[in-house]
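Student: Taking the hints into account, I'd like the entire structure generated from these sequences.
Protein chains in written order, with our numbering: chain A, 18 to 246; chain B, 17 to 423.
In case anyone wonders, no lab produced these hints; they're calculated from the structure.
You can take every hint at face value.
Partial list, computed: chain A residues near chain B (C-beta under 8 Å):
| hint | residue |
| --- | --- |
| 1 | Asn69 |
| 2 | Leu74 |
| 3 | Ser95 |
| 4 | Phe109 |
| 5 | Tyr112 |
| 6 | Val127 |
| 7 | Gln129 |
| 8 | Leu130 |
Just some of the chain B residues that point at chain A, by a computed CB distance under 7 Å:
| hint | residue |
| --- | --- |
| 9 | Arg24 |
| 10 | Asn25 |
| 11 | Ala319 |
| 12 | Leu320 |
| 13 | Gly321 |
| 14 | Ala322 |
| 15 | Ser323 |
| 16 | Pro416 |
| 17 | Val417 |
The following label-pair restraints were derived from C-beta to C-beta distances:
| hint | chain 1 | residue 1 | chain 2 | residue 2 | range |
| --- | --- | --- | --- | --- | --- |
| 18 | B | Trp23 | A | Glu179 | 23 to 31 Å |
| 19 | B | Arg32 | A | Gly212 | 45 to 53 Å |
| 20 | B | Leu336 | A | Gly212 | 40 to 48 Å |
Built from N, CA and C at the ideal position, the CB exists for glycine as well.
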Amino acid sequence: MDDTVVCRALTKVYQEDSVAVHALRGIDLVVPRHDFLCLSGPSGSGKSTLLNLIGGLDSPSAGEVRVDGLKLAEMNRSELAQLRLHRLGFVFQSYNLIPVLSAIENVEFVLQLQGMSFTQRRRKARAILAEVDLQGLEHRRPGELSGGQQQRVAVARAIVSEPSLVLADEPTANLDSVTAENLMALLRHMNEEHGVTFIFSTHDKLVMDYSRRLIKLHDGEIAADERRT
Amino acid sequence: MNPRLAWRNLWRHPRRTWLTVAAIAFSTVLLIFSITLQFGSYDIWIDHALGVYHGQLQIQHPDYLDKPQMRKTVANATGVAAKLRRDVDPRKVAVRGIGFALASSQERSYGAQVIGVEPGYEPEVSTIPNVIRDGRFLADPDAAEAVIGATLARNLKLALGDELTLLGAGRDGSVAATVVQVVGFFESGMAELDRVLVEIPLGHFQEVFTMGDAAHAIVIAGIDRSELDVQRDQITTLLGADAGARVRTWEETLPGLKQAIQFDMLQGWVLYVSLIVVVTFSILNTFLMAVLERTREFGIMLALGASPARIGALIMQESLLLTLVGLSIGVLVGLGITIYFYINGFTYPGLEEYGAEFGFPASITPEISFFSIGLAPLAILVFTLVAALYPALRIFGLRPVEAIHAV
Ligand SMILES: Nc1ncnc2c1ncn2[C@@H]1O[C@H](COP(=O)(O)OP(=O)(O)OP(=O)(O)O)[C@@H](O)[C@H]1O
Ligand SMILES: [Mg+2]
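Tutor: The following block contains the structure:
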């Protein structure tokens with residue numbers, strides 16, 4: 018079993034003031050290792066909801082999610098925290114970083130949670146920041162970095178712990194098109210060099226073009242699932 | 017988790033943090049000042065209240081404390097006193113006879129407490145011999161003379177050298193009567209004593225009240241406060257089992273003083289605890305605000321794999337650091353102020369009058385000890401840490417998705 022993510026009949030219903038919102042209506046999805054998958058679809062189609070369920074940040078109303086073969090529904094809170102710490106990386110749309118920590122400290126934060134020694138994690142964080150092209154900016158705080166640079170730090174932080182899966186919800190939404198393309202090139206590079214599975218969402222055609230597999234969500238269902246080359 | 021992270025988080029809003037630090041520091045200073053002064057004033061209350069007249073220990077007939085009566089005497093009192101002066105530190109010992117009499121001048125009569133004192137030893141255990149406003153203290157152990165409280169003298173319209181008639185009952189129930197010459201007036205600082213006390217030489221007292229060699233109290237003073245119980249036990253042993261006498265501490269002979277202190281302390285504690293509670297709630301309020309506006313950040317941390325316990329610990333650390341900064345400043349300033357008043361004495365308008373009534377001096381020396389200095393900071397620390405548990409434990413109820421979408 019070499020699939021990173023397996024979703025079976027995944028359903029999410031939000032209860033909004035006695036109105037049931039069906040955010041996901043029975044998603045069946047298999048994401049093999051090394052995939053570089055893009056979720057697209059109109060606003061409200063369930064992209065974020067799906068990503069949150071896969072990341073164990075929220076629990077489904079029905080159906081199941083498996084990450085690296087582990088059933089999320091059977092894990093308690095601290096097991097989920099361990100799963101996120103060792104197997105998952107997250108990149109959010111914006112304000113990803115801890116504002117009082119410098120770029121390198123933000124990257125190290127995860128390694129520190131893992132219990133890595135200072136010299137070891139410093140070396141690792143420095144290398145990964147160089148890889149995302151941020152050498153020289155290691156000691157800047159998030160407020161002193163541009164939006165694109167902040168997202169690069171977030172990518173570096175997501176990748177530094179060598180996870181099997183990185184989830185990125187609209188990572189380029191706040192970036193101009195050139196910066197967005199650079200970031201996508203970087204994600205693609207990480208996918209190829211580090212063998213990490215990526216699932217990201219976007220509205221942006223340009224960003225979709227970087228994917229190797231494009232899933233279109235519509236009203237909580239998979240409307241299209243195409244391989245690209 | 018990471019003290020450096022906690023420390024930096026503390027200074028995200030420097031002004032807010034400084035305000036909180038100032039609140040903690042200020043209440044610490046206030047509490048240290050009040051507590052050291054309060055404790056210091058008790059020592060003075062006790063020392064002076066006892067120094068005027070009562071002494072720290074008294075040897076009495078076993079039943080005298082319950083019901084002071086003429087016939088409940090200690091035999092061979094001067095002999096026992098002499099033995100104590102020889103064997104017990106600090107050798108400040110004086111014998112007293114205590115009786116009641118109608119004191120009459122040419123014009124008026126008042127009830128008076130007549131004390132037979134040893135003129136040579138009384139100054140060791142009482143300040144009265146040293147606060148003679150007019151005339152002199154007693155000299156001859158057998159002379160028919162008296163020093164009396166200034167208020168009593170005024171009431172009786174007595175002048176120096178006037179004669180005072182004392183009429184009471186002797187130990188055997190017979191009439192005890194004498195005429196003494198007033199040789200001095202005293203102002204002890206204790207209004208009660210100045211109104212009722214007549215001191216005459218012990219020899220004359222024993223003769224008039226048919227006491228023989230007996231007396232009612234052997235007063236002992238000058239004992240270190242911490243040694244009081246040890247000294248009492250030592251003297252009890254020295255007296256022997258069937259000496260027909262008991263050693264009483266000031267807490268027994270002057271129970272009102274102890275009660276007054278306890279009541280005053282209780283009032284103090286109510287005030288202090290209220291202050292700490294108010295301060296704690298204001299700290300909790302700002303702290304809760306600071307934590308709430310970081311909800312999204314905590315959501316990110318949860319997504320990265322930090323456990324709620326680690327984030328909770330971070331919050332506890334932040335509150336600990338915040339409190340420690342405030343407490344350090346508070347303790348330094350508080351200690352500075354306390355040392356200043358320790359050297360210079362603390363006084364305020366009206367203290368002198370108030371003090372005169374209860375027999376302590378016009379300035380208070382604060383008590384400096386680990387307890388009096390450390391109590392307030394420790395209490396504040398405990399209260400704020402308990403308060404910080406609330407925002408820290410809230411993290412456990414935080415759902416990552418919601419936290420991340422919070423603004
Ligand atoms: N916490 C929530 N409570 C109630 N309804 C929610 C909640 N979160 C999402 N929804 C609803 O679920 C549906 C799917 O939302 P979701 O955020 O997954 O869409 P999305 O595809 O990410 O949209 P966008 O492109 O705007 O980010 C929407 O109808 C949304 O209103
Ligand atoms: Mg979304």
